[in-house]
Amino acid sequence: MLIEIRNQAFDPWQEISRYQENCGLVPGSYGACATFVGTLRDFNQGDKVKRMRLTHYPGMTEHQLSKIAEQALSQYQLLDLIIVHRVGDINPNEPIVLVAVWSAHRAAAFDGCRQIMEYLKSSATFWKKETLESEQRWVSSGVNQ
Amino acid sequence: MLIEIRNQAFDPWQEISRYQENCGLVPGSYGACATFVGTLRDFNQGDKVKRMRLTHYPGMTEHQLSKIAEQALSQYQLLDLIIVHRVGDINPNEPIVLVAVWSAHRAAAFDGCRQIMEYLKSSATFWKKETLESEQRWVSSGVNQ
Amino acid sequence: MSITVRFFASLAEELGFDQKTLDRKTVAHKSPLTIEEVWREVADRPPPENLLCALNHEYADFKQHLKDGDEVAFFPPVNGG
Amino acid sequence: MSITVRFFASLAEELGFDQKTLDRKTVAHKSPLTIEEVWREVADRPPPENLLCALNHEYADFKQHLKDGDEVAFFPPVNGG
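First to last, the sequence lines map onto chains A, R, V and Y.
Counting along the first sequence from 1, when you hit position 106 you're at 106 in this note's numbering, and nothing is skipped either side.
Counting along the second sequence from 1, when you hit position 65 you're at 210 in this note's numbering, and nothing is skipped either side.
Counting along the third sequence from 1, when you hit position 5 you're at 295 in this note's numbering, and nothing is skipped either side.
Counting along the fourth sequence from 1, when you hit position 16 you're at 387 in this note's numbering, and nothing is skipped either side.
These are calculated hints, taken from the structure and not from any lab test.
Glycine included, every Cβ here is placed at the ideal spot set by N, Cα and C.
Heads up, some of the hints might be wrong.
Between beta-carbon pairs, the in silico distance windows are [claimed, not checked]:
#	chain 1	residue 1	chain 2	residue 2	range
1	A	LEU132	V	ASP351	55 to 65 Å
2	R	ASN167	Y	GLU412	56 to 66 Å
3	Y	GLN435	A	MET1	29 to 39 Å
4	A	GLU21	R	GLY233	19 to 29 Å
5	A	ASP89	R	GLN220	30 to 40 Å
6	R	LYS195	A	GLN136	55 to 65 Å
7	Y	GLU420	A	GLY24	43 to 53 Å
8	V	ARG330	R	LEU170	50 to 60 Å
9	V	PRO336	R	GLU263	43 to 53 Å
10	A	GLU4	Y	HIS436	30 to 40 Å
11	V	PRO338	R	SER267	15 to 25 Å
Only part of the chain A face toward chain R is listed, based on derived beta-carbon distances under 7 Å [what the hints assert, rightly or not]:
#	residue
12	GLN8
13	TRP13
14	VAL26
15	PRO27
16	GLY28
17	CYS33
18	ALA34
19	VAL37
20	ASP42
21	GLN45
22	GLY46
23	LYS48
24	PRO58
25	PRO92
26	ASN93
27	PHE110
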């Protein structure tokens, strides 16, 4: 299991590939891997976005990610999972979040991956502030984004 | 859009990475990428699987993949997608299928990716024959796998 | 009138062939010929349970009528992904 | 009795601080102190609509009671992923 809040840009596909090859996933044991990558768009609510600052609640956010990971692992009998979430200053086209889950069959992988993402959007203690052309603004609740 | 039936092993993460960087996805335009990778397990219905042969209906299968791709693109307003499906002799731990879809927001990406996978399982003209320790057998319908 | 008939997977194994061509001379029926009738012409057994068929690369109904040059396919339940 | 109080995101910007410590001397109430009362002690305004709070890194109810050493946090709706 890899759960990390990171303040540097990352390549999600390399992250998955490296983890899958080197981190204890037994070859031949998994039949399904579902992943989600959220990326910063350069456009939001009609405005051009130049940059975004993501903050979190150190201590609480890590604790939340561990809990949702454990819950998804047990509820969907997942074999393993990755959650990587950016914080700090993010440029358009940079990944914000990566969730990858491995399981024997596909339904568990899809459901587990989506449940983690819904939790991240609705409950994990992250906040976003966008830098537009001529102002900054806090992004309101991410539930429908 | 990349739709391919391939008779050689492939690395799904490299496939996605290469496509995303070189194939016309506009940086900053997509906020979500959902992917699914199906991999051959070394175990099925209580038996050790040594190998699997995947056959398809040349002409019809390609036609089906194009149609399901176009339908998902339009139904979920996806920005782009990849479908790569193996045929031929496959070893355990080799990817069988890759579906990746890009969209502005996450719900469309999850829903579109899953719809394509359900179609591949239920309707696309592929057939699987497993080589076990001491026999071969045809795998029955994949809807619940 | 000539119809190409294809068979896939376990069905081709059981029948011992994966393709046949039906031409007018071998067709005992008066037209129009249906997919169901093609099965009777080319196979020496009743259609298996769960048999699927396609006409010109689209899923089809066994009652569908055929025309010259059509490609009919018979196969067991599919299993992709 | 000492309570650490933290504020995040737009709320910290509006209040002009992101952390305060409440100790017994500054607390006017008789114990037990609730999260609601902490807000009244540290902020000079009514709680904003949609205000969320946490107690020791778990989401909490404003009516929850506090004990010495607790960490209380106030923040606006979250937005991860």
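Interface hint compliance - PRO27(A) to chain R, C-beta minimum distance less than 7 Å: This hint holds: PRO27(A) lies near chain R, its Cβ roughly 4 Å from the closest one there, short of 7 Å.
Interface hint outcome for VAL37(A) [beta carbon to chain R under 7 Å]: Result: holds, 5 Å to nearest chain R Cβ.
Hint check for HIS436(Y) and GLU4(A) - Cβ pair distance inside 30 to 40 Å: holds (35 Å)
Restraint outcome when ASN93(A) is required to lie within 7 Å of chain R by C-beta distance: holds (4 Å)
PRO338(V) versus SER267(R) beta-carbon gap, inside 15 to 25 Å or not: Roughly 19 Å apart at Cβ, these two residues keep to the hinted range, so it holds.
Distance restraint evaluation - GLU21(A), GLY233(R), Cβ atoms, bounds 19 to 29 Å: Roughly 23 Å apart at Cβ, these two residues keep to the hinted range, so it holds.
Supplied distance hint 30 to 40 Å, evaluated on CB atoms of ASP89(A) and GLN220(R): holds (36 Å)
Pairwise beta carbon distance, ASN167(R) to GLU412(Y), judged against the given window 56 to 66 Å: holds (58 Å)
Range hint 43 to 53 Å (beta carbons of GLU420(Y) and GLY24(A)) holds or violated: Taking Cβ atoms as reference, GLU420(Y) and GLY24(A) lie about 46 Å apart, which means the hint holds.
Distance restraint evaluation - ARG330(V), LEU170(R), Cβ atoms, bounds 50 to 60 Å: holds (52 Å)
Restraint check, 7 Å cut-off on beta carbons, for PHE110(A) near chain R: Holds - the Cβ of PHE110(A) comes within 7 Å of chain R, reaching about 5 Å at its closest.
Per-residue hint verdict: GLY46(A), partner chain R, C-beta under 7 Å: violated (13 Å)
The structure does not agree with the numbered hints 9, 12, 14, 21, 22, 23, 24 stated previously, though it agrees with the rest.
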